[in-house]
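Chain by chain, the residues:
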Amino acid sequence: MSAITFPTSSTWDRVKGYTPPTRFLPVIATLALFVGLFGAGGVRYDGLADPQVLLSLLIDNAFLIVLAVGMTFVILTGGIDLSVGSVVALSTMIAAKTLQMGWSPYLSIAAVLATGTLLGLLMGLLIHYFDIQPFIATLAGLFLARGLTYLISVESISISDETFTQLAFKTVYFGEYYLRWTAIVALITVAIAAYVLARTRFGRTVYAIGGSESSAMLMGLRVAFTKVGVYVISGFCASLAGLLFSLYILSGNSLHAVGMELDAIAAVVIGGTLLTGGRGYVVGSLLGVLVLGIIKTLISFDGTLSSYWIRIITGVLLLAFVVVQRFATRRQS
Amino acid sequence: MTQMDVQPSETGTAAPTARTPVIEMRDISITFGSVRALSEVSLRLYPGEVHALMGENGAGKSTLIKALTGVYTIDSGTVLVGGEEHSFSSPAASQAAGISTVYQEVNLVPNLTVAENMLLGREPRRFGAINVRAMNRRARETLTGLGLDIDPASVLGEHPIAIQQLVAIARAVDVEARVLILDEPTSSLDSDEVAKLFEVMRRLREQGVAIVFVSHFLDQIYEISDRMTILRNGRLVEERMVSETSQLELVKLMIGRELEALERLDREPPNTEAEVGTPVLQALGIGRKGSLEATDLELFEGEVIGIAGLLGSGRTELARLLFGADTVDTGELTFRSERRRLRSPRHAIDRKIAFSSEDRKAEGVVGDLTVADNMLLALQASRGWLRPIPQSTRTRLVDEYIQALDIRPADPSALMRNLSGGNQQKVLLARWLITEPEVLILDEPTRGIDIGAKAQIQAKVAELAAEGLSVVFISAELEEVLRLSDRLVVMRDRRKIDERPNYDVSVSDVLEIIAGEARSEQQPEQQEETRA
Numbered sequence: 001m002s003a004i005t006f007p008t009s010s011t012w013d014r015v016k017g018y019t020p021p022t023r024f025l026p027v028i029a030t031l032a033l034f035v036g037l038f039g040a041g042g043v044r045y046d047g048l049a050d051p052q053v054l055l056s057l058l059i060d061n062a063f064l065i066v067l068a069v070g071m072t073f074v075i076l077t078g079g080i081d082l083s084v085g086s087v088v089a090l091s092t093m094i095a096a097k098t099l100q101m102g103w104s105p106y107l108s109i110a111a112v113l114a115t116g117t118l119l120g121l122l123m124g125l126l127i128h129y130f131d132i133q134p135f136i137a138t139l140a141g142l143f144l145a146r147g148l149t150y151l152i153s154v155e156s157i158s159i160s161d162e163t164f165t166q167l168a169f170k171t172v173y174f175g176e177y178y179l180r181w182t183a184i185v186a187l188i189t190v191a192i193a194a195y196v197l198a199r200t201r202f203g204r205t206v207y208a209i210g211g212s213e214s215s216a217m218l219m220g221l222r223v224a225f226t227k228v229g230v231y232v233i234s235g236f237c238a239s240l241a242g243l244l245f246s247l248y249i250l251s252g253n254s255l256h257a258v259g260m261e262l263d264a265i266a267a268v269v270i271g272g273t274l275l276t277g278g279r280g281y282v283v284g285s286l287l288g289v290l291v292l293g294i295i296k297t298l299i300s301f302d303g304t305l306s307s308y309w310i311r312i313i314t315g316v317l318l319l320a321f322v323v324v325q326r327f328a329t330r331r332q333s
Numbered sequence: 001m002t003q004m005d006v007q008p009s010e011t012g013t014a015a016p017t018a019r020t021p022v023i024e025m026r027d028i029s030i031t032f033g034s035v036r037a038l039s040e041v042s043l044r045l046y047p048g049e050v051h052a053l054m055g056e057n058g059a060g061k062s063t064l065i066k067a068l069t070g071v072y073t074i075d076s077g078t079v080l081v082g083g084e085e086h087s088f089s090s091p092a093a094s095q096a097a098g099i100s101t102v103y104q105e106v107n108l109v110p111n112l113t114v115a116e117n118m119l120l121g122r123e124p125r126r127f128g129a130i131n132v133r134a135m136n137r138r139a140r141e142t143l144t145g146l147g148l149d150i151d152p153a154s155v156l157g158e159h160p161i162a163i164q165q166l167v168a169i170a171r172a173v174d175v176e177a178r179v180l181i182l183d184e185p186t187s188s189l190d191s192d193e194v195a196k197l198f199e200v201m202r203r204l205r206e207q208g209v210a211i212v213f214v215s216h217f218l219d220q221i222y223e224i225s226d227r228m229t230i231l232r233n234g235r236l237v238e239e240r241m242v243s244e245t246s247q248l249e250l251v252k253l254m255i256g257r258e259l260e261a262l263e264r265l266d267r268e269p270p271n272t273e274a275e276v277g278t279p280v281l282q283a284l285g286i287g288r289k290g291s292l293e294a295t296d297l298e299l300f301e302g303e304v305i306g307i308a309g310l311l312g313s314g315r316t317e318l319a320r321l322l323f324g325a326d327t328v329d330t331g332e333l334t335f336r337s338e339r340r341r342l343r344s345p346r347h348a349i350d351r352k353i354a355f356s357s358e359d360r361k362a363e364g365v366v367g368d369l370t371v372a373d374n375m376l377l378a379l380q381a382s383r384g385w386l387r388p389i390p391q392s393t394r395t396r397l398v399d400e401y402i403q404a405l406d407i408r409p410a411d412p413s414a415l416m417r418n419l420s421g422g423n424q425q426k427v428l429l430a431r432w433l434i435t436e437p438e439v440l441i442l443d444e445p446t447r448g449i450d451i452g453a454k455a456q457i458q459a460k461v462a463e464l465a466a467e468g469l470s471v472v473f474i475s476a477e478l479e480e481v482l483r484l485s486d487r488l489v490v491m492r493d494r495r496k497i498d499e500r501p502n503y504d505v506s507v508s509d510v511l512e513i514i515a516g517e518a519r520s521e522q523q524p525e526q527q528e529e530t531r532a
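Keeping their order, the protein sequence lines are chains F and E.
Residue numbering for the first sequence follows UniProt numbering, beginning at 1 and increasing consecutively.
Residue numbering for the second sequence follows UniProt numbering, beginning at 1 and increasing consecutively.
Calculated from the structure, these hints are not laboratory results.
For glycine and all other residues, C-beta sits at the position ideal for the given N, C-alpha and C.
FRET-style restraints, in silico, Cβ to Cβ:
#1 F:Y150 / E:A93: 45 to 53 Å
#2 E:D326 / F:S306: 49 to 57 Å
#3 F:A114 / E:P388: 53 to 61 Å
#4 F:D131 / E:P388: 34 to 42 Å
#5 F:T22 / E:S90: 31 to 39 Å
#6 F:I136 / E:Q391: 34 to 42 Å
#7 F:L25 / E:T395: 58 to 66 Å
Selected chain E positions facing chain F (in silico; Cβ < 8 Å):
#8 Q95
#9 L108
#10 V109
A few chain F positions that, by computed beta-carbon distances, are all more than 10 Å from chain E:
#11 D131
#12 Y150
#13 I152
#14 S160
#15 G259
Just need the whole structure built from these sequences, with the hints factored in.
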């Protein structure tokens with residue numbers, strides 16, 4: 001802006017002088033938390049400082065990352081989607097059952113994705129056009145999807161289809177380190193979602209609705225399309241996560257993924273997205289999943305702690321993040 | 001009076017002459033249910049003018065605006081845009097015709113950047129992706145064009161309301177608006193911010209935009225507007241040049257009663273003995289940013305202070321500060337020489353101050369509870385919920401007040417929402433009287449209720465004051481204020497401009513106080529400006 005020219009500064013000076021915009025702070029805090037946990041674990045436990053541990057985190061949590069991405073869209077509009085855990089279970093079941101019935105694996109995948117997307121569409125329409133609380137509409141979705149899973153089969157069905165097992169173990173190598181194909185799908189999902197949210201009208205409308213739905217309406221934005229759209233996206237992501245989960249676990253079971261929607265919500269919140277909507281980033285949700293993952297890893301590395309500590313620590317973290325967010329937003333307003 | 005009586009202002013100064021209006025609304029009528037909100041109202045907007053839409057509450061200003069912006073459908077009448085007939089079925093259709101609206105409350109999203117707020121929905125794109133650089137550049141151009149130096153990449157919520165308001169205008173302007181409607185844009189701005197807004201408005205006027213300006217601040221109207229349309233009770237009163245209308249005339253037109261009729265008031269002599277001893281309630285320079293400038297007020301035992309002023313003059317704000325419903329920024333409130341800041345209505349109730357709000361629907365009536373429950377609400381609250389009122393006391397109190405105030409139906413178990421407005425108001429009055437307050441603040445206790453109930457409420461207030469209750473009485477109806485009060489406080493533009501004992505004060509005197517103050521100071525200068 002001004003005509004004054006500053007003496008050219010070194011890159012380091014510019015890095016030192018850089019203060020990130022406040023809106024990125026929650027994501028940076030989550031990143032710092034993750035790095036801190038990973039670093040502390042690396043010092044304390046042998047073998048944890050291995051890059052492969054990081055890559056394994058991505059592999060083991062691929063489905064949760066995809067789930068959290070869909071959830072981020074919904075929460076950014078100020079909504080919530082409780083159905084996603086059940087949709088994951090339903091997806092594993094549809095995949096297992098259709099494969100058992102001898103469907104082509106590709107047809108089976110298409111059926112899974114179509115079911116999840118359709119469920120999301122139904123809930124979105126209910127929420128927008130009948131003005132039903134997202135909590136209630138998606139709670140109904142939760143029961144419906146879980147019930148449909150039982151309807152297909154009460155028993156667990158294992159997946160033995162060759163294409164599926166091949167996909168499940170498809171691996172990409174980086175020198176001595178490797179990443180499963182499922183993790184790559186998850187990362188691509190994150191990248192696409194980040195682009196959509198940051199650079200498309202749809203994405204910006206998602207943020208605008210979260211900021212103020214009535215304003216968005218008065219500004220002439222496509223509120224109906226966008227509001228229904230986020231539930232469609234969440235439904236699609238849930239069924240994609242279901243596919244990744246069935247590749248991870250190679251079975252369809254009506255008891256899969258009970259309460260997984262809560263893990264997804266926790267990851268999104270820990271990733272710095274405001275539950276009231278309008279603020280947050282998909283990358284934050286990715287980091288949120290990684291934080292939850294590293295806690296699990298640390299506890300399993302320790303060996304003396306019982307697995308329920310994972311839940312306790314997750315709870316404490318969630319609480320801490322919500323409180324910090326509350327303070328951060330109060331200061332701004 | 002209809003449009004027929006009003007001659008087009010061909011003598012117009014700043015207003016354009018002999019041009020087609022960009023918008024002309026002819027004989028617009030709108031009915032809600034059985035209520036006629038607008039009847040045969042006309043409005044003409046010329047390019048390059050600031051047109052003030054004037055009227056008291058309920059005059060039909062916002063209904064007319066909503067008819068123009070396509071929010072309400074018109075029952076009869078025509079809308080001409082550039083001489084051609086149009087009908088707006090939706091806000092989008094109205095916007096497409098070049099009509100943009102900026103509402104009192106900023107309708108933007110605080111979590112996105114300034115540039116996004118200006119261009120959301122029509123962002124420049126490249127290969128389908130939003131081009132952030134181009135978007136910021138375009139936003140900066142528009143802002144600079146309006147003489148504003150705001151960083152387009154900054155988050156909107158970080159700016160004060162005034163800037164957000166200007167951004168809202170910038171958004172409206174970016175769509176190539178031919179008509180810009182500003183519905184009370186200044187109500188939350190301070191004077192510097194208003195000056196900034198006016199600068200932007202003048203710039204837009206020069207560019208040929210027709211601006212509809214709604215404000216309750218007369219000074220602002222006179223500073224910026226060229227012409228005005230005055231409405232009253234859903235009817236057109238007159239269309240006038242601002243420079244040819246004195247403030248006194250304007251106030252008369254807005255309030256609109258024959259002054260002679262108003263002056264025929266039988267009134268008891270004011271209670272001047274009240275002003276002895278220490279005041280019950282004393283306010284020293286209480287004020288709150290954006291709602292009231294520092295104000296002094298003393299209320300003595302058994303005294304009725306009447307507060308007169310137009311809507312937006314600060315009369316309600318003063319009442320809320322006295323009660324602690326809003327906290328004061330400056331000054332001190334002393335109750336019976338106890339110096340304390342009222343932090344909440346609860347503090348005030350503990351000190352036996354009662355407040356009946358102007359907005360009885362939102363802040364008073366609990367429609368789904370019975371009359372008896374509604375009456376006992378404040379008493380129960382002050383006793384604490386753990387000490388229920390004995391049934392016998394309940395029945396006695398409720399029956400007593402139903403009789404005293406002649407509440408109909410005289411049934412304690414009737415649901416509150418089934419009562420008429422007047423009777424609801426009486427129940428609210430009873431609610432506070434039951435707590436045996438020493439100070440009673442009544443904000444518009446008689447608005448929208450029938451004459452009979454009005455008289456009963458007035459009589460009760462007078463009776464209680466005679467028994468020693470101190471009352472602050474606020475009403476838009478000057479005659480009512482004059483009839484009841486011992487002392488008169490006149491407010492305007494969020495401050496007290498006059499205080500006098502209620503001796504021989506007539507309605508026209510009050511109107512002159514309200515209108516006169518600024519007229520003497522500013523009128524000549526204003527006229528020059530409009531002619532310039």
